[in-house]
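Trainee: Based on the provided sequences and hints, a complete structural model is requested.
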Amino acid sequence: MLANLSGFQSERSLDGASALATVLTGGSDERLEVDPGNSRNRYGCQPYPRPDEISFASSTASTISQHAFDAASAVFDRLPPIDDRNGAKHAPANHVQAWHALSERIKHDLKRLLELDAQSEVVLSPSGTDAALLAFALAGRLRSRPVASVVAAADESGSGVALAASGCHFGAAAPHGRRVTKGEPIPGVASVAEAVRVKSRDASGHPRPWLEVDDEIRGSAASLIAQGFDVVVYAMDHSKTGLRYPSGACLQQLTATYGDAVTIVIDACQARLSRSRLKECLARGHMVLLTGSKFFSGPPLSGALLFPARLAERFQTIDRSASGLADYTSQYDWPASCAAFRSALPARSNNGQLLRWAAAIAEMQRYFAVPELYRTIALRETAAVMARTIRQHPNLEMLPSEPCPAAGDDRDEFATPTIFSFGVKRNRKLLSMGQARALYHALNEDVASVLRVSGIDAELAAVPCHIGQPVACSSGAGGPFGALRVSVDARMIAEQWAVRESANSGVRPQSIHKRIKAVLDKIQLLTDNLERIEQQFGESA
349 MLANLSGFQS
359 ERSLDGASAL
369 ATVLTGGSDE
379 RLEVDPGNSR
389 NRYGCQPYPR
399 PDEISFASST
409 ASTISQHAFD
419 AASAVFDRLP
429 PIDDRNGAKH
439 APANHVQAWH
449 ALSERIKHDL
459 KRLLELDAQS
469 EVVLSPSGTD
479 AALLAFALAG
489 RLRSRPVASV
499 VAAADESGSG
509 VALAASGCHF
519 GAAAPHGRRV
529 TKGEPIPGVA
539 SVAEAVRVKS
549 RDASGHPRPW
559 LEVDDEIRGS
569 AASLIAQGFD
579 VVVYAMDHSK
589 TGLRYPSGAC
599 LQQLTATYGD
609 AVTIVIDACQ
619 ARLSRSRLKE
629 CLARGHMVLL
639 TGSKFFSGPP
649 LSGALLFPAR
659 LAERFQTIDR
669 SASGLADYTS
679 QYDWPASCAA
689 FRSALPARSN
699 NGQLLRWAAA
709 IAEMQRYFAV
719 PELYRTIALR
729 ETAAVMARTI
739 RQHPNLEMLP
749 SEPCPAAGDD
759 RDEFATPTIF
769 SFGVKRNRKL
779 LSMGQARALY
789 HALNEDVASV
799 LRVSGIDAEL
809 AAVPCHIGQP
819 VACSSGAGGP
829 FGALRVSVDA
839 RMIAEQWAVR
849 ESANSGVRPQ
859 SIHKRIKAVL
869 DKIQLLTDNL
879 ERIEQQFGES
889 A
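Just so we're aligned, residue 349 is where the sequence shown starts under the numbering used here, counting upward by one.
Honestly, I wouldn't trust all of these hints.
Claimed, not checked - Derived CB-CB ranges, DEER-like: (1) Ala660 with Ala574: 25 to 33 Å; (2) Ala365 with Gly824: 44 to 52 Å; (3) Ala574 with Ala717: 48 to 56 Å; (4) Gln467 with Gln740: 44 to 52 Å; (5) Gln883 with Ala365: 53 to 61 Å; (6) Gln601 with Glu381: 28 to 36 Å; (7) Val540 with Ala717: 47 to 55 Å; (8) Gln884 with His554: 18 to 26 Å; (9) Thr605 with Leu721: 36 to 44 Å; (10) Thr605 with Gln713: 38 to 46 Å; (11) Asn386 with Lys530: 19 to 27 Å; (12) Ala365 with His554: 42 to 50 Å; (13) Ala574 with Arg774: 32 to 40 Å; (14) Gln883 with Tyr722: 28 to 36 Å.
FYI, nobody ran anything at the bench for these hints, they're computed from the structure. None of these values were measured; they are calculated from a predicted model. Every residue gets a Cβ at the ideal spot worked out from N, C-alpha and C, and that includes glycine.
Mentor: Now the structure itself:
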């Protein structure tokens with residue numbers, strides 16, 4: 349259990365499961381708003397388990413598992429209610445202490461599960477994009493010069509990251525409920541310069557050479573510093589399609605050349621890096637963005653900003669917070685080492701954020717309970733099955749990819765790709781982004797009644813298949829298209845281990861094969877009936 353919070357009796361107007369599902373969608377922004385028609389958010393996720401779906405969606409977001417929902421429910425049932433909007437000002441002291449204790453416990457559990465040293469610090473946030481904003485704000489508080497940012501693989505990062513990385517609102521609502529205007533500067537945080545966005549793929553859709561991207565990032569940083577800015581470089585560790593930019597050598601050169609004028613932030617929101625590599629990033633003095641809602645398959649959304657001891661010492665000197673951050677974070681999100689910084693923030697709990705993290709922690713615990721050697725083997729074998737099955741479908745075209753730069757030892761847990769992106773062909777032409785979106789939405793529905801075509805596999809048409817959202821890509825002369833994504837996640841590996849333990853039968857990629865084949869077969873079925881699918885699920889529907 350996450351915390352010793354016994355002694356409280358829940359007083360809630362809804363039944364427990366419904367109340368928890370409601371809280372799990374709070375304390376974020378419009379991304380978690382639920383469509384009353386299907387009880388799902390824009391990512392296709394329910395705030396409660398959906399056991400009948402086939403899910404390969406962790407590159408975007410996953411519906412909460414029963415295991416994680418039960419873990420969050422156990423915590424929720426032992427916590428007192430506090431109104432997120434009004435904060436803790438009028439709440440009984442023991443109620444405030446209970447939520448604060450949960451926040452501290454989650455930070456402690458994250459450090460323990462990630463095997464971080466005691467001096468490294470964790471800041472909780474509602475999402476990875478929020479964590480990117482907090483990193484930019486912290487960098488700005490340390491500087492006397494204005495700060496600007498360079499965002500690597502901006503074309504394959506979260507849609508709001510470039511705005512967050514320049515200190516601007518990245519949505520229509522802030523986590524604590526206030527309506528904001530997307531793109532407007534956040535008071536006390538915003539840069540006077542827009543973030544420099546560095547692309548990861550060329551005009552033909554191929555990953556750009558690492559040296560080319562390295563040169564662009566070095567040149568952008570040098571130009572900004574010459575203009576009088578200090579620079580925050582957001583390095584991408586696993587983009588939407590699994591790319592990493594820039595190289596480690598580039599980051600080392602930037603810090604060696606410019607010292608404290610450059611802050612490195614590793615965007616590891618996909619969480620597709622080993623604990624050893626995560627610790628290496630922190631040891632080099634970098635901040636790291638992480639989530640519990642991508643690879644770890646916790647419910648959307650949950651974010652964290654990690655920073656090492658050497659930065660923690662510097663952050664102790666920050667004597668103020670930016671006024672605009674009060675919409676995005678509160679005292680309870682921050683470690684005690686940032687006492688002066690956090691004292692200027694509201695004393696307010698973000699109940700939804702904490703319970704989403706409680707669910708993610710349950711998934712992380714289950715994953716890291718699996719022996720590392722088995723995790724490494726299972727990741728590789730599961731990924732191999734997925735890649736092979738995709739290649740067996742002639743209507744699918746895998747997106748060009750390259751191995752990660754300087755990935756290190758090939759025995760590393762994530763030495764193999766775990767995200768697979770592909771275009772869908774119809775009449776030898778790749779589906780457009782609009783067509784891919786329609787197909788993506790239809791995949792996640794029972795479409796047997798929509799198709800009404802004699803001879804179709806009605807059972808297959810009825811199965812909800814949840815995959816990663818389409819990514820806009822270029823195919824050169826063929827024009828832009830929408831790439832769909834399937835991915836391996838922690839939940840799959842933990843479930844395979846559980847089967848092995850119960851049956852002593854070894855890794856079972858066959859079950860993965862059957863599931864991924866069902867998804868790809870349904871894609872073929874929908875593609876064969878694309879006109880009907882576009883009528884029902886297209887942008888004009």
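Trainee: Each hint should be assessed against the structure and marked as holding or not.
Mentor: Do the hints match the structure? See the list:
1. Ala660 with Ala574: 25 to 33 Å: Since the Cβ atoms of Ala660 and Ala574 sit about 30 Å apart, the hinted range of 25 to 33 Å holds.
2. Ala365 with Gly824: 44 to 52 Å: Holds, since Ala365 and Gly824 (Cβ atoms, about 50 Å apart) stay within the stated range.
3. Ala574 with Ala717: 48 to 56 Å: Given about 51 Å between the Cβ atoms, the range holds.
4. Gln467 with Gln740: 44 to 52 Å: Because 50 Å falls inside the window, the suggested range holds.
5. Gln883 with Ala365: 53 to 61 Å: violated, 36 Å
6. Gln601 with Glu381: 28 to 36 Å: violated, 43 Å
7. Val540 with Ala717: 47 to 55 Å: holds, 48 Å
8. Gln884 with His554: 18 to 26 Å: violated, 34 Å
9. Thr605 with Leu721: 36 to 44 Å: holds, 40 Å
10. Thr605 with Gln713: 38 to 46 Å: holds, 41 Å
11. Asn386 with Lys530: 19 to 27 Å: Given range 19 to 27 Å: holds, Cβ gap about 25 Å.
12. Ala365 with His554: 42 to 50 Å: holds, 47 Å
13. Ala574 with Arg774: 32 to 40 Å: With a Cβ separation near 50 Å, Ala574 and Arg774 fall outside 32 to 40 Å, so the hint is violated.
14. Gln883 with Tyr722: 28 to 36 Å: Because 47 Å falls outside the window, the suggested range is violated.
Of the numbered hints given earlier, the model fails hints 5, 6, 8, 13, 14; all others are met.
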